[in-house]
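Residue numbers (this note's numbering), protein chains in the order written: chain A, 105 to 562; chain R, 2 to 362.
What the hints contain is simulated information worked out from the structure, not anything from laboratory work. Please note: incorrect hints may appear among the correct ones.
Label-pair ranges, simulated between beta-carbon atoms [unchecked claim]:
| no. | chain 1 | residue 1 | chain 2 | residue 2 | range |
| --- | --- | --- | --- | --- | --- |
| 1 | A | ASN441 | R | SER31 | 55 to 63 angstroms |
| 2 | A | ILE336 | R | PHE36 | 44 to 52 angstroms |
| 3 | A | LEU375 | R | GLY100 | 50 to 58 angstroms |
| 4 | R | SER21 | A | ASP150 | 55 to 63 angstroms |
Note that beta-carbon positions come from the ideal geometry of N, C-alpha and C, so glycine has one too.
Here is how the chains run, residue by residue.
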Amino acid sequence: MRKLTFIIMIMVMVVMAFPAMAQDDDLSLPDFVDYTECEVDLTGGDVTIYHIGDLSGAYAAITLPLVAGLNDALNYFNARGGVCGATLSQSAFDTGGDPNRTAEGYEQVHAQDPDVIVLYSSADSELLRPTVADDEVPIIISAGSLPGLYGENGNEPGWVFATNPLYADQFATFCDYIGANPDLYPDPVIGYMGWGGPVAAFGLAAFTPEAIAHCEEAGVEVLPQAQTFLPIADSTSVSTLVETHINDGASIIYVNALASGPVRVAEAIELIGFSEELVLGSVNWGLDTSAMLLSADSLRASDGLPVVDGMIGSMPFAWYSDDLPGIALLLEQAAENGRGIETINISYILGWTLADTYLEMYTIAANNVAAEQGLEDGTAILNAINGAIIKDTILSMDFDPLGLYNFSYPGGEIRALPNNRIVQMVFESAEITGPPTLVELTEFAPAPDTRLRLFDDE
Amino acid sequence: MAANIRPSGVFDTNYAQDISINRTLWDKFSSYALFGVLLILPIFLPSDWTGFIARIAIFAIAVQGLNILMGYTGQISLGQAAFMAVGAYSGAIFVRELGFSFWLALPSAALFTGFIGLLFGLPSLRVKGFYLAMATLAAQYIIIWTIENPLESLTRGVNPLPLERFPPQFFGTSLNRMGLYYVIIPMAVILFLVARNLIRSRTGRAFISVRDNDLAAELLGINVFRYKLAAFFLCSMFAGIAGVLLAFYERTLITSQYPLFISIELLAMLVIGGAGYPLGPLFGAAFIFIVNQRIVPFILPTISEFLQNTLTFVSPENIQGALQPILFGLILGAFLILEPRGLAYRWEILKISWKIRPYSY
């Protein structure tokens, strides 16, 4: 009996030991990212990524993958020691897309004394801009708007930091590319389209007088009237708007919307038989993998390819067509976590890069606080970090999260990361087996700062 | 009205006693105590609760306007959020463009909104019920479209209109959010008293007669059209005041704060709180806010975790995203089944039971 018990105990121990033995031995941070070395021990502490935004409304298609990306990234980084031993976690407040809930969400989150908050919507950042400045809480947002980042007059950089160029500057980059290639796009006339209704602030964010003036200087005419459509609009209703632009002389349609926007417009162009004559352009969200998914089961072009094949637009960070270790890492992790192609989109990588940015940001802040205030205890260091310190840290950083873009605000006066490039979405064949290729048409370079035109007269 | 029930042993000996709002010393004390508690609450509560209470008060003002129109006069409006937008934007424009002080902009915007409400109340002469609802639905769209398009140069169209440079001044001091809390709460109390006194006036009795039977009211010599328009005017004025307060409290305003959904939510607040009861709007606004912003987020993680473990085939993030509206809808549905006459009705029952104790039969 004793023998049997002993054998069973040994077997149990072996079974328990197997998973541990099977675990990945390499629990170090990615070697292709240049991290700041920890000079403090924050073990036992907690660094929370607070985010406020629409998880159940019109933006859910891109915000839920962001949460998924954050989840996967936090598990990954925590398994590798977190922030100098402190655990990274996330706390979300769902506004459902209702701006009335944004301030309420902020107040609830602010009561937990956050050092920094993540927002999804540029309109939310505009709503909270004065409050976060009063409370000295920096905001990190993916793509901000001019009033949100620089105030009503465009010359007051505040506490909101965007990780993409302004939509107006992305549009200006697009115009620069079109204007620089007259052989491909002779006599270019752009008809601007964007989401309207409750999300019109985003849809029309790039349609600013400054961006339009920049386009005109680049030799690209922009039709004076923008056309807007609801996120739920079908291609038939959108086709009327496209026809209006065609009648006004448009040769290019630029769509400022999430991926379903350019897909609906591309379908509309196909429906009215203008796919040969019109060029389709879009903003970074428009060139996401979701564009491929949305168009996979819908209308096809005459050559059998998805209607968004050939779409061009701005893409301010590396994405799925790039053979980069950062992309390889997150694709590998996505597969390990059972993420489907509908989740692995732009927001998913932004979730990862956000977590990576937090890791670096808090490491620098903790090192600085410990050195300046002579603190050694991890809890005391984390308690000493506040919004003002995080803001200073953000302004001092020069970091490439997962090697996918450069997180740096040179000069301290800009609030949107400037680097941008133009890419083209290309499908290899009619049968969709994976993401399309994003062919790089221009290299990364600072986007035009159209905001400066506001001060031309001064 | 149920509120006229006197506690056992208390008898009215004159008309003043009969119409008094606070009939007994205890009533008076509890009313003042409640007001006092509201004023000192910010000292003890975390900052997010101050904002929470301020928003309940602002929305309760807008619902009180709706109560005058629907609860007392029997009309309907699906455009209350748009009227809030009129108040918010006109108040902001008065301050930004015309240099008005907040204290002048507030009544000016309220009056302006009242007149806009009159315009959209005109169809009430000819139509009622669903048809009137459709006419006011038009207001919701026309007003927001007008703010976003023809008035774009003043309103910044679909983009937020910041007010951070124009904080309300009080004897040379800029009022921050805490300062505005002490404007919003007294304003809400005053407007509640206005609404409560209104129904005890000649106008209020005319409103009620129009609600109960407009033909009979007309035969009694009541100018039905005039009183319907008056109700629309007051309803819009209340919405306008709520809009101005919200705009200056948030320091930014945007048209997407006032969609049709908010008009319907205001309607839901009235139904849940109890239409036709002065306290109904307060109960309704508080109930919706508490459920939506405190109870649901509190129970969400537990249910989310349970569902994630049970429905392993659904993405956890999708569960998280979908749960909030589902839970809110379920609680709302359950409430309407269990207490269709509103919280204020339940409150009256409780009050009467207390007052006539020990002879509750």
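Checking against the hints above, which ones are violated? none
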